[in-house]
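Construct all of the structure, not just a fragment, from the sequences and the given hints.
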Amino acid sequence: MAKTIERRDVVIVGGGPAGLAAAISAHEAGQTDILVLERDTQLGGILNQCIHNGFGLHTFKEELTGPEYAARYIERAAELGIEYRLGTMVIDISPERLVTAVSSADGITQVEAGAIVLAMGCRERPRGALATPGYRPAGVYSAGTAQRLVNIEGQMPGREVVILGSGDIGLIMARRMTLEGAHVACVAEIMPYSGGLKRNIVQCLDDFGIPLLLSHTVTRVEGRDRVEAVWIAEVDERMQPIAGTEVRYPCDTLMLSVGLLPENELSRDAGVQISPVTRGPVVDQSLQTSVRGVFACGNVLHVHDLVDYVSEEAAAAGANAARFVAQAQAETEADRGIPVVAEGGVRYTVPSFVSPQLMDDRLTVRFRVANVYRDHFVSVYLDDERIQHRKKRVMAPGEMESVVLRRADLLAREGLQRITVKLEEE
Amino acid sequence: MARETRELTCINCPLGCPLTVVLEDGEVISVTGNTCPRGESYGRKEVTNPTRIVTSSVPVDGSASERMVSVKTASDIPKDMIFDVVRALKDVRATAPVAIGDVVLADVCGTGVDIVATKGA
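In order, the protein sequences belong to chains Y and R.
Residues 1 to 426 (our numbering) make up the first sequence, in order.
Residues 1001 to 1121 (our numbering) make up the second sequence, in order.
Here are the simulated DSS-like cross-link-like pairs (lysine-lysine), alpha carbons at most 25 angstroms apart as the crow flies:
1) 1090(R) with 1079(R)
2) 1045(R) with 1079(R)
3) 422(Y) with 392(Y)
4) 1079(R) with 61(Y)
5) 61(Y) with 1045(R)
6) 61(Y) with 392(Y)
Sample of chain Y residues facing chain R (criterion: CB under 8 angstroms; computed from the structure):
7) 51
8) 52
9) 63
10) 65
11) 151
12) 152
13) 153
14) 199
15) 203
16) 207
17) 393
18) 394
If you're looking for bench data, these hints aren't it; they were derived computationally from the structure.
All C-beta atoms in this analysis are idealised placements derived from N, C-alpha and C, irrespective of residue type, glycine included.
Structure (structure tokens):
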């Protein structure tokens, strides 16, 4: 067991984009006793392997690559003297905010935290989650694993590639593999629309003539030791393969880009309530989870498509964690606030509770829609009264949306029971 | 007069308007299918002078932490030169220490654009 228990004001679990932005913001909010725990050998998280450009357009008004975007935050954290430990994996968080970590340098260590920011990110949905029959030959990779092999290790996973799923990482890897001399036969997507950004479809697939097969899925993987071919079939409205549409693609590599799952094992240990929709913690206006003093941000909270929004959200979580430490025990918050309800095409909202007394003047509520909607309105209701009604030309599940709530609007309504965010045709 | 029609997808927003650009002797005479002015300027640029940033990674020697260092073209290069740029990078190696912005390969393929590091090593 650990020899001594340290005591730190703010402990941040994860040193990726969310953890770094949270740490910097907590520091800028006046809490300087911060510790970032990162299991990898360097800070920056997944950005280190995202060597393509397109990051930071909102934050820095310029297009950076992933490592460059990370470096901006790593440099800022260094300027502020924020302490971090690499190669250190958190293995447990207790509801009393006792953080237990392991590292080969220090063995088991324990830190008692004034506040905790969960910033563990997400991981890829694995093949096992997909019911693809067949043997388990080499040559099946998640797109992110392949990305790490090519960009960080300098290894090519294969030469003839089929990609299942049109998530952004899969699209990015279609281009990357092509540039490295591989042939990408196609990207198959079971849904009738792509889960990736439009920009990536054009610049990663269209630029290189790689076909995107919508409403198609892999039905069979051939090969015992190594992938030899995959079979792809068209699917009907119920996503069932249509007999007679199967086509065989000879290949040595199948890449999966079939979704990301927030990594919340630690959150569950801490007793944090998890949303069945986002698979991330249920949070209030301060991004605080159901466990007092435990905050969440970035992809562990809900999967984002733009890192800029991760940084923005994480900065809020970090500042709120700092504020919690400052006010700490003074404030006893039994009431979780007013529920924010997602309806009519809105799958979820983050946060899902709001306390008007405790919120900032303006609060960004992020959400995703369930389908592709054209010419629909995003509406916000305070109880039965509609206070926002904004037309959007198009909304898609692959692109996160948001509305802004004003504190004054909420405070003006005494006895407010619920805030509803929904899509309406008119 | 040589008339040419090009079909594109606008990338400015999730709407993804299908654009039809008509050129006559290399001059854009119309952009249709767009629903906003950004679509028109994208359509014009994309058929007359399409450019891209190219990113890749190259092996690095003498670094304690990294096997590869990520790189990019310091600015846009013509889209039809993407593969030339990638081929030019095939045998390039960097030597540590490398800092973000260091030139790894100057004036790639005569474009006047340098290949610069995007990560330290």
